[in-house]
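Just so we're aligned, residue 930 is where the sequence shown starts under the working numbering, counting upward by one.
Quick caveat, the hints were computed from the structure, so don't treat them as lab data. Among the hints, erroneous ones may be present.
As the list claims (entries may be wrong) - In the DSBU-like style, the derived pairs of lysine-lysine whose C-alpha atoms are separated by at most 30 Å in a straight line are:
| no. | residue 1 | residue 2 |
| --- | --- | --- |
| 1 | Lys979 | Lys1021 |
| 2 | Lys995 | Lys1121 |
| 3 | Lys1043 | Lys1078 |
| 4 | Lys1021 | Lys1011 |
| 5 | Lys1113 | Lys1011 |
| 6 | Lys1021 | Lys1072 |
| 7 | Lys1072 | Lys1011 |
| 8 | Lys995 | Lys1017 |
| 9 | Lys1017 | Lys1115 |
| 10 | Lys1006 | Lys1043 |
| 11 | Lys979 | Lys995 |
| 12 | Lys983 | Lys1043 |
| 13 | Lys1043 | Lys1118 |
| 14 | Lys1032 | Lys1017 |
| 15 | Lys1043 | Lys1009 |
| 16 | Lys1113 | Lys1021 |
| 17 | Lys995 | Lys1115 |
| 18 | Lys979 | Lys1017 |
| 19 | Lys1009 | Lys1032 |
| 20 | Lys1113 | Lys1072 |
Claimed, not checked - Simulated restraints, written as ranges between beta carbons of each label pair:
| no. | residue 1 | residue 2 | range |
| --- | --- | --- | --- |
| 21 | Lys979 | Glu1022 | 38 to 44 Å |
| 22 | Val1090 | Ser999 | 38 to 44 Å |
| 23 | Trp988 | Arg1086 | 18 to 24 Å |
| 24 | Arg1054 | His1133 | 26 to 32 Å |
| 25 | Pro987 | Val960 | 20 to 26 Å |
| 26 | Ser1114 | Asn1004 | 37 to 43 Å |
Even glycine gets a Cβ: it sits at the ideal position worked out from N, Cα and C.
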Amino acid sequence: HGYHGRAPGRILHTYCGSALGFDPLTKVYKVVHINNDGYGIEVFTIGSDKTWRKVPLPWPVEKPQKYIFSMDISNEKVSKTKLPYIGKTIMKEHYDLVAMDEKLAFVYKGSESKIDVWVLNDFGRQVWSMEHSIVANWEAEKKLPQFMKLVAVASWRNGEVIMFKAIENFVWDHHDFIYLYDTKSKEMKEFKMKLQYVTKFIPHRSSLVSWRTEMD
(Lines of atoms letter the chains of each structure in order from A and count residues from 1; the text may use other names and numbers.)
(Lines give C-alpha, C1' and ligand atoms only; values in the text may rest on other atoms or scores of the structure.)
Protein backbone atom coordinates (compact mmCIF):
# COMPACT_ATOMS: atom_id res chain seq x y z
CA HIS A 1 0.00 0.00 0.00
CA GLY A 2 2.96 2.27 -0.49
CA TYR A 3 4.03 3.08 3.06
CA HIS A 4 5.67 1.47 6.07
CA GLY A 5 3.22 0.19 8.61
CA ARG A 6 2.30 -2.63 10.93
CA ALA A 7 0.95 -5.66 9.13
CA PRO A 8 -1.82 -7.73 10.72
CA GLY A 9 0.91 -9.99 12.12
CA ARG A 10 2.88 -6.96 13.32
CA ILE A 11 5.69 -7.42 10.84
CA LEU A 12 7.13 -4.18 9.45
CA HIS A 13 6.97 -4.14 5.65
CA THR A 14 6.82 -1.82 2.67
CA TYR A 15 4.15 -3.18 0.33
CA CYS A 16 1.46 -5.77 0.80
CA GLY A 17 -1.67 -7.26 -0.67
CA SER A 18 -4.77 -8.78 0.86
CA ALA A 19 -7.80 -10.78 -0.26
CA LEU A 20 -10.97 -12.30 1.13
CA GLY A 21 -11.53 -15.97 0.36
CA PHE A 22 -14.35 -18.43 1.01
CA ASP A 23 -13.73 -22.03 2.08
CA PRO A 24 -16.47 -24.17 0.47
CA LEU A 25 -15.67 -27.13 2.76
CA THR A 26 -16.04 -25.44 6.13
CA LYS A 27 -18.27 -22.56 4.93
CA VAL A 28 -16.06 -19.90 6.49
CA TYR A 29 -14.34 -16.79 5.18
CA LYS A 30 -10.60 -16.22 5.45
CA VAL A 31 -8.56 -13.06 5.04
CA VAL A 32 -5.22 -13.63 3.29
CA HIS A 33 -2.36 -11.14 3.71
CA ILE A 34 0.99 -11.23 1.89
CA ASN A 35 3.86 -8.76 1.81
CA ASN A 36 6.77 -8.41 -0.58
CA ASP A 37 9.55 -8.73 2.00
CA GLY A 38 9.78 -12.53 1.94
CA TYR A 39 7.95 -13.10 5.22
CA GLY A 40 5.32 -15.36 3.73
CA ILE A 41 1.54 -15.42 3.92
CA GLU A 42 -0.69 -14.71 6.91
CA VAL A 43 -4.22 -16.10 7.21
CA PHE A 44 -7.06 -15.07 9.52
CA THR A 45 -10.26 -17.13 9.73
CA ILE A 46 -13.21 -14.86 10.43
CA GLY A 47 -15.23 -15.95 13.42
CA SER A 48 -12.75 -18.40 14.95
CA ASP A 49 -9.18 -17.10 14.86
CA LYS A 50 -7.93 -14.61 17.43
CA THR A 51 -4.52 -14.12 15.83
CA TRP A 52 -3.01 -14.34 12.36
CA ARG A 53 -1.44 -17.65 11.31
CA LYS A 54 1.68 -17.74 9.17
CA VAL A 55 1.76 -19.93 6.05
CA PRO A 56 5.38 -20.32 4.88
CA LEU A 57 6.22 -20.11 1.20
CA PRO A 58 7.89 -23.31 -0.05
CA TRP A 59 9.94 -21.32 -2.60
CA PRO A 60 11.34 -17.80 -2.78
CA VAL A 61 9.00 -15.42 -4.58
CA GLU A 62 10.93 -14.67 -7.74
CA LYS A 63 10.72 -14.69 -11.52
CA PRO A 64 7.29 -13.04 -11.91
CA GLN A 65 7.85 -13.33 -15.67
CA LYS A 66 7.55 -17.14 -15.41
CA TYR A 67 5.34 -18.08 -12.46
CA ILE A 68 2.38 -17.00 -10.37
CA PHE A 69 1.64 -18.21 -6.85
CA SER A 70 -1.73 -19.19 -5.41
CA MET A 71 -3.07 -20.61 -2.17
CA ASP A 72 -5.86 -23.16 -1.67
CA ILE A 73 -8.23 -21.54 0.81
CA SER A 74 -9.30 -24.90 2.27
CA ASN A 75 -5.96 -26.60 3.00
CA GLU A 76 -3.88 -23.39 2.89
CA LYS A 77 -1.26 -24.96 0.63
CA VAL A 78 0.67 -22.70 -1.74
CA SER A 79 1.23 -23.77 -5.34
CA LYS A 80 3.23 -22.40 -8.26
CA THR A 81 1.78 -22.12 -11.76
CA LYS A 82 3.74 -21.45 -14.93
CA LEU A 83 2.60 -18.56 -17.09
CA PRO A 84 1.63 -19.39 -20.69
CA TYR A 85 4.50 -19.72 -23.14
CA ILE A 86 4.46 -16.81 -25.60
CA GLY A 87 7.93 -17.22 -27.09
CA LYS A 88 9.63 -14.37 -25.25
CA THR A 89 10.32 -13.01 -21.78
CA ILE A 90 7.19 -11.75 -20.05
CA MET A 91 7.55 -8.45 -18.22
CA LYS A 92 5.28 -8.23 -15.18
CA GLU A 93 4.05 -4.75 -16.17
CA HIS A 94 2.77 -6.19 -19.47
CA TYR A 95 0.16 -8.55 -18.02
CA ASP A 96 -2.83 -8.56 -15.69
CA LEU A 97 -4.70 -11.39 -13.98
CA VAL A 98 -8.50 -11.45 -13.79
CA ALA A 99 -11.20 -14.05 -13.19
CA MET A 100 -13.23 -15.03 -16.26
CA ASP A 101 -16.15 -17.40 -15.85
CA GLU A 102 -14.60 -18.78 -12.63
CA LYS A 103 -11.25 -19.39 -14.34
CA LEU A 104 -7.99 -17.47 -14.16
CA ALA A 105 -7.24 -15.30 -17.19
CA PHE A 106 -3.83 -13.94 -18.21
CA VAL A 107 -4.29 -10.67 -20.14
CA TYR A 108 -1.08 -9.91 -22.03
CA LYS A 109 -0.33 -6.57 -23.69
CA GLY A 110 2.03 -7.59 -26.45
CA SER A 111 2.08 -4.23 -28.24
CA GLU A 112 0.37 -0.84 -28.38
CA SER A 113 -2.42 -2.28 -30.52
CA LYS A 114 -2.78 -5.95 -29.51
CA ILE A 115 -3.87 -7.75 -26.35
CA ASP A 116 -4.03 -11.53 -25.97
CA VAL A 117 -6.24 -13.22 -23.39
CA TRP A 118 -5.16 -16.65 -22.15
CA VAL A 119 -7.37 -18.79 -19.89
CA LEU A 120 -6.16 -21.44 -17.43
CA ASN A 121 -8.56 -24.24 -18.40
CA ASP A 122 -6.86 -26.95 -16.31
CA PHE A 123 -5.31 -25.70 -13.07
CA GLY A 124 -3.88 -29.06 -12.00
CA ARG A 125 -2.13 -29.77 -15.30
CA GLN A 126 -1.34 -26.07 -15.86
CA VAL A 127 -2.95 -25.95 -19.29
CA TRP A 128 -3.43 -22.48 -20.79
CA SER A 129 -5.29 -21.70 -24.01
CA MET A 130 -5.38 -18.44 -25.94
CA GLU A 131 -9.09 -17.59 -26.06
CA HIS A 132 -9.22 -14.01 -27.35
CA SER A 133 -7.01 -11.64 -29.31
CA ILE A 134 -7.93 -7.96 -29.10
CA VAL A 135 -6.63 -6.01 -32.09
CA ALA A 136 -7.21 -2.28 -32.56
CA ASN A 137 -8.10 -1.31 -36.11
CA TRP A 138 -7.15 2.06 -37.56
CA GLU A 139 -10.58 3.57 -36.92
CA ALA A 140 -10.71 2.35 -33.31
CA GLU A 141 -7.18 3.55 -32.55
CA LYS A 142 -8.39 7.15 -32.87
CA LYS A 143 -10.86 6.65 -30.02
CA LEU A 144 -8.93 4.25 -27.78
CA PRO A 145 -5.81 4.77 -25.67
CA GLN A 146 -2.63 2.87 -26.38
CA PHE A 147 -3.15 -0.72 -25.24
CA MET A 148 -0.03 -0.55 -23.04
CA LYS A 149 -1.92 1.99 -20.91
CA LEU A 150 -4.86 -0.35 -20.32
CA VAL A 151 -5.15 -2.49 -17.19
CA ALA A 152 -7.62 -5.39 -17.08
CA VAL A 153 -9.52 -5.07 -13.80
CA ALA A 154 -12.56 -7.36 -14.02
CA SER A 155 -14.94 -9.35 -16.20
CA TRP A 156 -18.62 -10.21 -16.07
CA ARG A 157 -21.43 -11.96 -17.99
CA ASN A 158 -19.54 -15.24 -17.50
CA GLY A 159 -16.41 -13.77 -19.05
CA GLU A 160 -18.11 -12.27 -22.10
CA VAL A 161 -17.13 -8.70 -21.18
CA ILE A 162 -13.68 -7.58 -20.00
CA MET A 163 -13.29 -4.26 -18.21
CA PHE A 164 -10.14 -2.18 -18.64
CA LYS A 165 -8.97 0.92 -16.82
CA ALA A 166 -6.84 3.46 -18.71
CA ILE A 167 -3.70 4.62 -16.92
CA GLU A 168 -3.04 8.18 -18.04
CA ASN A 169 -0.06 10.25 -16.95
CA PHE A 170 -1.96 13.53 -16.88
CA VAL A 171 -5.65 13.49 -15.99
CA TRP A 172 -6.55 16.92 -14.73
CA ASP A 173 -10.15 16.20 -13.70
CA HIS A 174 -9.15 13.10 -11.69
CA HIS A 175 -11.64 10.89 -13.52
CA ASP A 176 -10.79 7.36 -14.56
CA PHE A 177 -11.51 6.23 -18.10
CA ILE A 178 -13.06 2.77 -18.32
CA TYR A 179 -13.28 0.64 -21.47
CA LEU A 180 -15.35 -2.49 -22.07
CA TYR A 181 -14.43 -5.24 -24.51
CA ASP A 182 -17.17 -7.57 -25.75
CA THR A 183 -15.63 -10.93 -26.61
CA LYS A 184 -18.58 -11.89 -28.84
CA SER A 185 -18.82 -8.76 -30.98
CA LYS A 186 -15.05 -8.17 -30.66
CA GLU A 187 -15.65 -4.49 -29.98
CA MET A 188 -14.08 -2.22 -27.38
CA LYS A 189 -15.96 0.89 -26.30
CA GLU A 190 -15.50 3.58 -23.70
CA PHE A 191 -17.76 3.26 -20.67
CA LYS A 192 -19.75 6.50 -20.71
CA MET A 193 -20.10 6.90 -16.96
CA LYS A 194 -17.16 8.77 -15.42
CA LEU A 195 -15.72 7.19 -12.28
CA GLN A 196 -13.54 9.05 -9.83
CA TYR A 197 -10.45 7.68 -8.06
CA VAL A 198 -11.11 4.06 -9.00
CA THR A 199 -8.55 1.68 -7.48
CA LYS A 200 -10.24 -1.72 -7.68
CA PHE A 201 -13.27 -3.54 -9.07
CA ILE A 202 -14.68 -6.54 -7.21
CA PRO A 203 -17.27 -8.69 -9.04
CA HIS A 204 -20.17 -9.50 -6.72
CA ARG A 205 -22.31 -12.62 -6.67
CA SER A 206 -25.21 -12.99 -4.25
CA SER A 207 -24.87 -15.78 -1.69
CA LEU A 208 -27.01 -17.32 1.04
CA VAL A 209 -23.89 -17.96 3.15
CA SER A 210 -23.73 -15.79 6.27
CA TRP A 211 -20.81 -14.76 8.45
CA ARG A 212 -20.00 -17.19 11.24
CA THR A 213 -18.82 -15.89 14.60
CA GLU A 214 -18.23 -17.33 18.05
CA MET A 215 -21.59 -15.85 19.11
CA ASP A 216 -23.47 -18.14 16.67
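Hint check results:
1. Lys979 - Lys1021: Not OK: Lys979 and Lys1021 at ~36 Å, beyond 30 Å, violated.
2. Lys995 - Lys1121: Status violated; Cα separation ~36 Å.
3. Lys1043 - Lys1078: holds (12 Å)
4. Lys1021 - Lys1011: holds (13 Å)
5. Lys1113 - Lys1011: Within the cut-off at roughly 28 Å; holds.
6. Lys1021 - Lys1072: With a Cα-Cα distance of about 26 Å, the restraint between Lys1021 and Lys1072 holds, given a limit of 30 Å.
7. Lys1072 - Lys1011: Given pair Lys1072, Lys1011 is violated - Cα atoms ~35 Å apart, limit 30 Å.
8. Lys995 - Lys1017: holds (10 Å)
9. Lys1017 - Lys1115: holds (26 Å)
10. Lys1006 - Lys1043: violated (36 Å)
11. Lys979 - Lys995: violated (36 Å)
12. Lys983 - Lys1043: Outside the cut-off at roughly 41 Å; violated.
13. Lys1043 - Lys1118: OK: Lys1043 and Lys1118 at ~15 Å, within 30 Å.
14. Lys1032 - Lys1017: Holds - the C-alpha atoms of Lys1017 and Lys1032 are around 24 Å apart, at most 30 Å.
15. Lys1043 - Lys1009: Distance ~28 Å between Lys1043 and Lys1009 Cα, so the pair holds.
16. Lys1113 - Lys1021: Since the Cα atoms of Lys1113 and Lys1021 sit roughly 28 Å apart, the hinted pair holds (cutoff 30 Å).
17. Lys995 - Lys1115: Judged against 30 Å, a Cα distance of about 29 Å means the pair holds.
18. Lys979 - Lys1017: violated (46 Å)
19. Lys1009 - Lys1032: Holds: Lys1009 and Lys1032 sit about 16 Å apart, inside 30 Å.
20. Lys1113 - Lys1072: holds (20 Å)
21. Lys979 - Glu1022: 38 to 44 Å: holds (39 Å)
22. Val1090 - Ser999: 38 to 44 Å: Violated, since Val1090 and Ser999 (Cβ atoms, about 24 Å apart) do not stay within the stated range.
23. Trp988 - Arg1086: 18 to 24 Å: violated (36 Å)
24. Arg1054 - His1133: 26 to 32 Å: holds (30 Å)
25. Pro987 - Val960: 20 to 26 Å: holds (21 Å)
26. Ser1114 - Asn1004: 37 to 43 Å: holds (41 Å)
The structure fails to meet hints 1, 2, 7, 10, 11, 12, 18, 22, 23 from the earlier list, while all remaining hints are met.
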